[in-house]
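Given these sequences and hints, build the entire structure.
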Amino acid sequence: MTDYPKELDQKIVLGNTNTGRSNPSYDPEKGRESLAKEEQEKFDTLTEPVCETIKRDLLMIWVKLTYVMVPRTMIKEKAKQLRDWDLWGPLVLCLLLSLCLSFSANTDDGTLVFQIVFIIVWAGAAIVAINGQLLGGNISFFQSVCVLGYCLFPLTVAAFVNMMFLQFVYFFIRVIVVGVAFIWSSYSSVGFIAEMVVPEKKGLAAFPVFLFYLFLSWFILL
Amino acid sequence: MLFGKKKTKKSKKDKKSKKDKKKKRDKDTLLTDEEQANPSDGLQQPDYSKPRPKGITRFCKIRYYQKFFNVSTKDVIKRVFLAMMPFNTTPIFPNNKPDLYGPMWIYICLSISIVVCGHFSNVMDFEFIENHPPKAEYEAEMRKITKGWGMTSFYFFIVPLILHGICYFFGSGTPGYQRTLAIYGYSFAIFIPATVILIPPMEYLRYATLGVAGFISLLFISKELMDAGKRYLAQKWVTALAIMCALLHIFFCVMLKFYYFD
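If you read the sequences in order, they're chains A and B. To convert, note that position 138 of the first sequence is 138 in the UniProt record's numbering; the numbers rise steadily by one, no gaps. To convert, note that position 101 of the second sequence is 101 in the UniProt record's numbering; the numbers rise steadily by one, no gaps.
For the record, the hints were derived by calculation from the structure and aren't laboratory data. Please read all numbers here as calculations on a predicted model, not as lab measurements. All the given hints hold, so there is nothing to weed out.
What follows is a set of in silico ranges between Cβ atoms, one per label pair, in the way DEER data are often shown:
| hint | chain 1 | residue 1 | chain 2 | residue 2 | range |
| --- | --- | --- | --- | --- | --- |
| 1 | B | I62 | A | V70 | 28 to 36 Å |
| 2 | B | P193 | A | L96 | 29 to 37 Å |
| 3 | A | L95 | B | T239 | 49 to 57 Å |
Reference excerpt, derived from the structure (chain A facing chain B, CB under 8 Å, subset only):
| hint | residue |
| --- | --- |
| 4 | K201 |
| 5 | L204 |
| 6 | W218 |
Distance condition first, Cα-Cα at most 27 Å in a straight line; then the derived DSS-like pairs of lysine-lysine:
| hint | chain 1 | residue 1 | chain 2 | residue 2 |
| --- | --- | --- | --- | --- |
| 7 | B | K147 | B | K257 |
| 8 | B | K74 | B | K97 |
| 9 | B | K97 | B | K54 |
| 10 | B | K78 | B | K67 |
| 11 | A | K202 | B | K78 |
| 12 | A | K202 | B | K67 |
| 13 | B | K223 | B | K78 |
| 14 | A | K202 | B | K61 |
| 15 | B | K97 | B | K230 |
| 16 | B | K223 | B | K97 |
| 17 | B | K78 | B | K97 |
| 18 | B | K67 | B | K223 |
| 19 | B | K97 | A | K202 |
| 20 | B | K61 | B | K97 |
| 21 | A | K202 | B | K74 |
We put the beta carbon where it would ideally sit given N, CA and C, even for glycine.
Quick look at the structure:
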């Protein structure tokens, strides 16, 4: 592998820079821009074992998840993290949510539930992102989708808990669990979405986020 | 010859200046080079002084629709309340500039609330009237979701198109598709609290709520569109359209009652 000419190395690497692969001491907190330079210096990903690559991707998803979920006071730090959007986290969370809901569905139509939840998550995220853009926000479409996807994490946890432990418990307790998850999700994502528009339009940008998570919470309680 | 030469020079200059004005936007972050160099906290107003997109493809560009979303939260709340209580004469759109934020989210909110409140009312019917162990009817739910969406889409998009088309083809002018769309959108705002009130399984309350909601909605539409109708159409067309709108609203209320809140 090291016999390849240097230009070809760079082309192969820069062609797949979505997850920023480079040397094994990759620090996910540095971001994509500084990685481009490192990639030109060292080229190793074709020779490393697959589990290393997967571990690195999972670590990146985990780092973003902790940044988004744990309330931090430095909004600018968060915003910088999320400039490197990726759709792996949202996809994983969406699949988990759809699977939990389709397993816990009462009828034989688990596949229909799966389809509906999947479509609603992605179409809803797209609509909320487009709404942000139409209101004159300056976060890109995919960054909004990324934020909304990562903030699905509490609802996924609630759906999982619902499926495993709370099937035969009073409806009221399920409402409380899902309610807490809904408030946590909305609180995390509204912070990002609302800061990208002018202050007069914050309510306009935040309301669709509430609606999106409310619909998903209702679906979990169904 | 002289004028001809001047013309070509001017067009070349225009082309050059247009090329300079076209700033390249980074596809990832949708920021130009300047904006990336000076990242703001996100509180900038979009630049409405830039030239609007032209041509047939303008409907595909977000910049074309941004002019309809130039409202603040207070404006939208005020307009929604005006739509729900149309008993005064203030026009809903000052300066005649319709906004599409309200109608778009009222449409989505209404579809969601019809389905959600319909489900809750079925659950309550099971628990309080039939005394069976409650079971969620999933198949029925999914079909109802899609049908509810289809119904509200018809009322939000097709009916204003019909009104606009009739004014355009049989009248002397038209108030514009965007305006009729916006007004129809706001008129359905009253149905959102109405669906919430429809949850308890009391028949008289349901009929009364639907009647009042339909009446207020029609009152709002007539208040906003009657002037335009009288200005652009002959009297027989105005009465025909008024009857058609009333019948469509009655049909909407009937469908709500018997399909979702039985």
